[in-house]
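Top line first, the protein sequences correspond to chains A and B.
Using our numbering, the first residue of the first sequence is number 1, and each one after it goes up by one.
Using our numbering, the first residue of the second sequence is number 1, and each one after it goes up by one.
A portion of the hints provided could be inaccurate.
To be verified - Distance condition first, Cα-Cα at most 35 Å in a straight line; then the derived DSBU-like pairs of lysine-lysine:
id : chain 1 : residue 1 : chain 2 : residue 2
1  : A       : LYS57     : A       : LYS78
2  : A       : LYS57     : B       : LYS58
3  : B       : LYS61     : A       : LYS83
4  : A       : LYS42     : A       : LYS83
5  : A       : LYS42     : B       : LYS58
6  : B       : LYS61     : A       : LYS42
7  : B       : LYS71     : A       : LYS57
8  : A       : LYS78     : B       : LYS69
9  : A       : LYS78     : B       : LYS58
10 : A       : LYS78     : B       : LYS49
11 : B       : LYS49     : A       : LYS57
12 : B       : LYS71     : A       : LYS83
13 : A       : LYS78     : B       : LYS106
14 : B       : LYS58     : A       : LYS83
15 : B       : LYS71     : B       : LYS58
16 : B       : LYS58     : B       : LYS69
17 : A       : LYS78     : B       : LYS71
18 : A       : LYS83     : B       : LYS106
19 : B       : LYS69     : A       : LYS83
20 : A       : LYS42     : A       : LYS57
21 : B       : LYS106    : B       : LYS71
For the record, the hints were derived by calculation from the structure and aren't laboratory data.
This structure is a prediction, so every number in the text was calculated from the model and none was measured.
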Amino acid sequence: EPEVTQTPSHQVTQMGQEVILRCVPISNHLYFYWYRQILGQKVEFLVSFYNNEISEKSEIFDDQFSVERPDGSNFTLKIRSTKLEDSAMYFCASSSGTANQETQYFGPGTRLLVL
Amino acid sequence: AQSVSQHNHHVILSEAASLELGCNYSYGGTVNLFWYVQYPGQHLQLLLKYFSGDPLVKGIKGFEAEFIKSKFSFNLRKPSVQWSDTAEYFCAVNARGGADGLTFGKGTHLIIQP
């Protein structure tokens, strides 16, 4: 069964550094998402991406964040200058987006720790 | 703005007990409703979903949920839980007709004692 994959599984970085989190969505899916889950809190939507552009973003997704689909398979989340409060689990998801069947399938997550 | 409320943050049950996890949502339009499960050390997996039609939906592993529109609720049920059901359960919602981001509840940590 096709799965969403994410790399790395864990990332430790210094405050102020840039990080890139990578995701490979399910191959025939058209919609891609990033979510985050700060320890002990709920999963929060960051951004959705369709047809090579952002289709929706939350208040959390400010100028320090960016997303990109650099090739036909990868979907990346870049955090330009990390802050302590960016420490969280980051989940990628994808969906086929066909006629109301918007089930989103999640990857295993990247645990980001900012020191 | 959408919001999802899960009433129980921690639930402890014995094996074979019946389970009901509450979920209420707030949204002005038509919604899609989901329950996801996260087993220890694993990623979020879809348990079941409701888009339209029969308000009683059945999912994997014997779980079911009932959409009650008048109560804005989508409670998850299982008649007899197993130790392997120990996990975090998340209710989520998004707007029908688009591919919007999901709004999640805070989750319910379910522990099944053998």
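Comparing the hints with the structure gives:
1. A:LYS57 <-> A:LYS78: holds (14 Å)
2. A:LYS57 <-> B:LYS58: holds (31 Å)
3. B:LYS61 <-> A:LYS83: Judged against 35 Å, a Cα distance of about 40 Å means the pair is violated.
4. A:LYS42 <-> A:LYS83: Judged against 35 Å, a Cα distance of about 19 Å means the pair holds.
5. A:LYS42 <-> B:LYS58: Satisfied, since the Cα-Cα distance of roughly 25 Å is no more than 35 Å.
6. B:LYS61 <-> A:LYS42: Cα-Cα ~24 Å, so holds.
7. B:LYS71 <-> A:LYS57: holds (29 Å)
8. A:LYS78 <-> B:LYS69: violated (39 Å)
9. A:LYS78 <-> B:LYS58: violated (38 Å)
10. A:LYS78 <-> B:LYS49: holds (31 Å)
11. B:LYS49 <-> A:LYS57: holds (23 Å)
12. B:LYS71 <-> A:LYS83: violated (41 Å)
13. A:LYS78 <-> B:LYS106: With a Cα-Cα distance of about 26 Å, the restraint between LYS78 of chain A and LYS106 of chain B holds, given a limit of 35 Å.
14. B:LYS58 <-> A:LYS83: violated (42 Å)
15. B:LYS71 <-> B:LYS58: holds (20 Å)
16. B:LYS58 <-> B:LYS69: Within the cut-off at roughly 17 Å; holds.
17. A:LYS78 <-> B:LYS71: This hinted pair is violated, its Cα atoms lying about 40 Å apart.
18. A:LYS83 <-> B:LYS106: Holds, at about 23 Å.
19. B:LYS69 <-> A:LYS83: It is violated: about 41 Å lies between the C-alpha atoms, which goes past 35 Å.
20. A:LYS42 <-> A:LYS57: holds (17 Å)
21. B:LYS106 <-> B:LYS71: holds (19 Å)
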